[in-house]
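Chemist: The residues making up each chain are set out below.
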Amino acid sequence: MAVDGFEGPLDLLLELVEEKKVDILTVRLGELADGYLARVRALDQLPADEVSSFLAVASRLVLIKARSLLPALEPSAVEDESETEADLRARLVEYAAVKGRATALGDRLRLGERAFHREGGTVELPPRGGDTSALAAAWTKVLTLAARPRDEELVAPGDRYSVEQRTAEIETLIAQHEALSFATLLVRVPGERATLGFAIVTFIALLDLYRRAAIDLEQDELFGDITVRRKARA
Amino acid sequence: MTPLARSVQAVLFVAEKPVSRGELVRITGATPRAVDAALGELEALCEDTGLRLAHDGQDWQIMTSPDAAAYVAAYLGADRVRLSPAALETLAVVAYRQPATRAEVEAIRGVNCDQTFYTLMQRRLIEERGRRDAPGRPILYGTTWEFLECFGLTSLDELPRVLTLPEPEMRA
Amino acid sequence: MTPLARSVQAVLFVAEKPVSRGELVRITGATPRAVDAALGELEALCEDTGLRLAHDGQDWQIMTSPDAAAYVAAYLGADRVRLSPAALETLAVVAYRQPATRAEVEAIRGVNCDQTFYTLMQRRLIEERGRRDAPGRPILYGTTWEFLECFGLTSLDELPRVLTLPEPEMRA
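Top to bottom, those sequences are chains A, B and C.
This note's numbering applies: residue 1 is where the first sequence begins, and numbers increase by one.
This note's numbering applies: residue 1001 is where the second sequence begins, and numbers increase by one.
This note's numbering applies: residue 2001 is where the third sequence begins, and numbers increase by one.
By construction, these hints were calculated from the structure, which means they are not laboratory data.
Here the structure is a predicted model, which is why all the values come from computation and not from measurement.
Quick reminder that beta carbons are idealized off the backbone N, C-alpha and C, glycines included.
Label pairs and their calculated CB-CB ranges: (1) A/E221 <-> C/G2130: 48 to 54 Å; (2) C/Q2122 <-> A/Q176: 49 to 55 Å; (3) A/D44 <-> B/W1145: 57 to 63 Å; (4) B/E1127 <-> C/E2158: 38 to 44 Å; (5) C/E2158 <-> B/E1149: 37 to 43 Å; (6) B/D1059 <-> C/D2048: 23 to 29 Å; (7) A/E169 <-> C/R2137: 42 to 48 Å; (8) B/G1022 <-> C/D2048: 26 to 32 Å; (9) A/Y210 <-> C/E2158: 51 to 57 Å; (10) C/G2057 <-> B/A1037: 38 to 44 Å; (11) C/Q2058 <-> A/E31: 48 to 54 Å; (12) A/E31 <-> C/Q2122: 38 to 44 Å; (13) C/D2157 <-> B/P1160: 38 to 44 Å; (14) A/S68 <-> B/N1112: 52 to 58 Å.
I would like the entire structure built from these sequences, with the hints used as guidance.
Modeler: Below is the structure:
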């Protein structure tokens, strides 16, 4: 599922690397964090089921950037090894190779230089020995494939939220109320539980507003509700 | 081998019936004389191989060489029906849904089924069964007597029952 | 051409699906080594002709040469296969890493690949290849004969080599 031309977070990150015209093996990934966040913000919609993967890459970039700005910031014992810059780079290098291979395969396809096999037919023997269980298995396979959801059915249009739109909504709310609880912001329709997609978009919108210094975030205890507070204009 | 002779060879290879000289001219865009030369080249090349270039008047076909007949028979005799997985799938759709139009089979399988329909018709496993009373009056297909014989069934009721998946909508 | 190579050629010609080396040994009554030699002879003979000898592991099939594709497609009325960039990426991962699980492909591409797997399965470019002996016993996928055919490859060894970056370790 393409998101405004990007097939996932690695695709977007790779494009940023290529835009900078630098070597994937030497570029400082942390330097790409701002550009990455800006591009994600500019997308008019993110499918709910992919938001988390974009977010995961974004948070990793921000972490890498923070470490480079504050060398004293040692990785804590809790963070697992996969959070390192080297690991993200390795994934990116691997993905770049995949993209190159996909392009090469696509080129072959465009050339149309395919091969054809022969279905047979010269032999005029009356057909014999058909296997009914193979036939039934083929029918089952066709049914299974046909029963799979198709692209257009995967994400109902009503379930798509845009970060932009959600950010604007929260800005309006915060202009009216000095402080709001995160729990309140998660209520889209009173009495209904928010979907995961809506919660994630709301969360990204808040992170973005915080980054732009439009709000303050307070949390008194671990897993407690988060208070969103309007930031006094300087 | 000239490029034209290569193309003629490839076309005759995939063809399941004799191809006329006129058709070869039309497909390759070469002159009739060039096509004749290519056929001559191909004929000479087949000598001493397991294949032969045969013709009946102006219709051409590649066949196996007679001295390989014993092995070909051994291969074909072992299990005479050797349908490709694609052909088997198309046959399954026709068998379980008959009568069905080609468009319906393609809608279910999600791919073009021209070649597999052709193969199954050739092998007399499916046949036309009139036309559907719908726009375009598409041809309906069903299985044949040979199909029952081939699969050792006495009637279509003997087709193995399969799962109870909801049958997909047909977008004909 | 040796008599054995001629017989192998004739059998592969009439076959409607790939024929395994074991089957060729059984049919011809020759030793596996002799069959290998015959296949090698046939492969060399196909060079510069309109046909190619292709193999997937130990399964063999004669196919048309890619440079004759335009004429064969004109004869068969075949459609050009079109794949989205997303489907091509998934196919690239499966083709170069096979067998691979869906989770592995998703880990590499960083996105959900349900839809592209569905498309590739429907077009028969990939197929199931058993299960990995790991928790959850995930399904393994590999490419098909149709994949080789569609991309005009005679074997997986012919996959285009791209980039020379070191391949990172695979995380399942």
